[in-house]
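Peer 1: Chains as they are written, first to last, in the numbering used here: chain A, 4 to 168; chain B, 170 to 427.
Rather than coming from a laboratory, the hints here were simulated on the basis of the structure. Each hint should be verified, as a subset may be incorrect.
Not everything, but these chain A residues come out facing chain B in the computed CB check (under 7 Å) [said to hold, decoys possible]:
1. ASP37
2. ASN70
3. LEU73
The calculated lysine to aspartate or glutamate pairs, modelled on DMTMM-like cross-linking and capped at a C-alpha distance of 20 Å, are [as the list claims (entries may be wrong)]:
4. LYS176/B / GLU202/B
5. LYS176/B / ASP34/A
6. LYS160/A / ASP174/B
7. LYS160/A / GLU208/B
8. LYS160/A / GLU175/B
9. LYS176/B / ASP235/B
10. LYS160/A / ASP182/B
11. LYS160/A / ASP215/B
12. LYS176/B / GLU208/B
13. LYS357/B / ASP235/B
14. LYS160/A / GLU329/B
15. LYS160/A / GLU122/A
16. LYS357/B / GLU328/B
17. LYS176/B / ASP222/B
18. LYS160/A / GLU121/A
19. LYS357/B / GLU139/A
20. LYS160/A / GLU184/B
21. LYS176/B / ASP188/B
Cβ coordinates follow ideal geometry from the N, Cα and C atoms, glycine included.
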Amino acid sequence: MPFDGDEIRAEIVAILPRLRRFANALTGSIDDGDDLAQATIERALQRISQWRPESRLDSWMFRIAQNLWLDQLRAQKRRGTMVSMDELHDISGSDGRSVTESELMLRRTQQAISCLPEEQRAVVALVLVEGVSYGEAAGLLETPIGTVMSRLSRARKALTAMLEL
Amino acid sequence: MVITDEKLMAFVDGELSQDILQSMQQTIAQSTELQARVEQLRLTRDLAASAFDSVLQQPVPQRLLDAVYNTPMGDQLASTKASVVSLVPANKVTSQSYLGYALAASITLGIGVIIGMQLQFGDVAKPTVAQADAGLIQASNPLFTALQQTPSLQAYQTEEGGAITPTISFSAQDGRYCREFEVMAGGKVSIGVACREASAWRVEVLLAAEQSTVSQQGYQTASGYSQQALDAVVDRLWSGEAYDAEHEQRLIEQGWLH
Chain A
4 MPFDGDEIRA
14 EIVAILPRLR
24 RFANALTGSI
34 DDGDDLAQAT
44 IERALQRISQ
54 WRPESRLDSW
64 MFRIAQNLWL
74 DQLRAQKRRG
84 TMVSMDELHD
94 ISGSDGRSVT
104 ESELMLRRTQ
114 QAISCLPEEQ
124 RAVVALVLVE
134 GVSYGEAAGL
144 LETPIGTVMS
154 RLSRARKALT
164 AMLEL
Chain B
170 MVITDEKLMA
180 FVDGELSQDI
190 LQSMQQTIAQ
200 STELQARVEQ
210 LRLTRDLAAS
220 AFDSVLQQPV
230 PQRLLDAVYN
240 TPMGDQLAST
250 KASVVSLVPA
260 NKVTSQSYLG
270 YALAASITLG
280 IGVIIGMQLQ
290 FGDVAKPTVA
300 QADAGLIQAS
310 NPLFTALQQT
320 PSLQAYQTEE
330 GGAITPTISF
340 SAQDGRYCRE
350 FEVMAGGKVS
360 IGVACREASA
370 WRVEVLLAAE
380 QSTVSQQGYQ
390 TASGYSQQAL
400 DAVVDRLWSG
410 EAYDAEHEQR
420 LIEQGWLH
């Protein structure tokens, strides 16, 4: 057995920063992202017997996060709360402090990503934010690689338009 | 050569095989329109890649660490736990001078970062699993200045009224110089490890610290998951060499570069 319980927990701690970033990219907010990260950790540990130690623990957890997020979205849609495009233009330093131009651009990018359709957002979060390869993303999302590419291409066209690049 | 959106994107993302790559480069070189599209694709990639990095520079919230250490594991793997030694056995020390240094550290600091005593020198590194990928700290960041200039156990005061205290310096298995440090800001304490890379310090991990407790030996030790988690990361990096004050001063003078 290559891993024991303590090692798995230590390994998850090492993955935490990236799991938080991925969850933040999916949900569009740090708080919601941390809720998702927490649910992901809990589910991963409860179902740890389903993880095959020869596969990557981080990829497996990203997949759990992505599935939990889709479940949440379905629930959210029933409640009728969706991110509005208008928010894209209302981001002038919501915490009151002044922001630099590049910081502003990063915030606009965050907002623009959160406006993408969910299946495009998932591909962007995996490939662009986390640097996962097309092939890995296809495996993780259980979709053909061609679908990953067309979603990613459409997402980038939308980002280019929204950010006026 | 017809270049579809997807193909151009795969070119920018480095997903094309070597043989196609060359003919693509030639075609793109002849078209300003294609060059502009390549530039747009690069921009979306670069922006998205860094848009969410701020979360990497924040301490991992306690509730997530609680989830990692308190969630019971489902069957199989968890059942092997009892037969395996913990990652961080107490008081396993191989170097006498290092022990002295760690003790001095904990006494002087008085706020509970005692690291040396818990280090294990076994082979715990797992090359196949992902390393923590926290952010790069550039020269404009106060943490950079603190790590670069401040001897261990001395506090670097930030302009915002916080304090950063490096606690120990050591060399990593990959040759980088690394430092553990403690950040006090807004009444909260975080602990972390950063390693020097060519142009910046890379924070390997940064964790919110729990309240420390007074041990029977009369000095305070950091306790709980944060310290365990930090130790696990240090174990992973550790080459077996910690630096004393004199050696550390030389490293400060040479900018922590080889």
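Peer 1: Next, verify each hint and record whether it holds.
Peer 2: Going through the hints against the structure:
Hint on ASP37/A holds. Least Cβ distance to chain B is approximately 6 Å, under the 7 Å limit. Proximity of ASN70/A to chain B is violated relative to the hint, the smallest CB-CB distance being about 17 Å (cut-off 7 Å). The interface hint given for LEU73/A is violated, since its Cβ lies 19 Å from the closest Cβ of chain B, which is over the 7 Å cut-off. The hinted pair formed by LYS176/B and GLU202/B meets the criterion: a straight-line CA distance of about 15 Å does not exceed 20 Å.
Between LYS176/B and ASP34/A, the direct Cα distance comes to roughly 37 Å. Violation of the 20 Å bound is thereby established for this hinted pair. With a CA separation close to 9 Å, the supplied pair LYS160/A and ASP174/B stays within the 20 Å bound. Annotation: proposed proximity of LYS160/A to GLU208/B holds, straight-line Cα distance about 12 Å (limit 20 Å). Under the criterion of a C-alpha separation no larger than 20 Å, the hint pairing LYS160/A with GLU175/B is consistent with the structure, at around 11 Å.
For the proposed pair LYS176/B and ASP235/B, the alpha carbon gap of about 45 Å is over 20 Å, so the pair is violated. Taking the CA atoms of LYS160/A and ASP182/B, the gap is near 15 Å; set against the 20 Å cutoff, the hint holds. Straight-line distance between C-alpha atoms of LYS160/A and ASP215/B comes to about 14 Å, which keeps the hinted pair within the 20 Å bound. Between LYS176/B and GLU208/B the alpha-carbon distance is near 14 Å, which keeps this suggested pair within the 20 Å criterion.
Distance check on the hinted pair: LYS357/B and ASP235/B sit about 17 Å apart at the alpha-carbon level, within 20 Å; holds. As the CA atoms of LYS160/A and GLU329/B are separated by approximately 41 Å, the hinted pair breaks the 20 Å bound. The suggested pairing of LYS160/A with GLU122/A holds, with an alpha-carbon distance near 15 Å, which does not exceed 20 Å. In summary, the hint linking LYS357/B to GLU328/B is supported, as the alpha carbons are separated by about 16 Å, within the 20 Å threshold.
Between the alpha carbons of LYS176/B and ASP222/B the distance comes to roughly 28 Å, so the proposed pair goes past 20 Å and is violated. Of the supplied pair hints, the one linking LYS160/A and GLU121/A holds, its CA atoms being roughly 15 Å apart against a limit of 20 Å. For the hint linking LYS357/B to GLU139/A, the alpha-carbon distance of about 39 Å lies beyond 20 Å, and the restraint is violated. Taking the CA atoms of LYS160/A and GLU184/B, the gap is about 19 Å. The hint holds against a cut of 20 Å.
Under the criterion of a C-alpha separation no larger than 20 Å, the hint pairing LYS176/B with ASP188/B is consistent with the structure, at around 14 Å.
Hint violations for this structure: numbers 2, 3, 5, 9, 14, 17, 19, all remaining hints satisfied.
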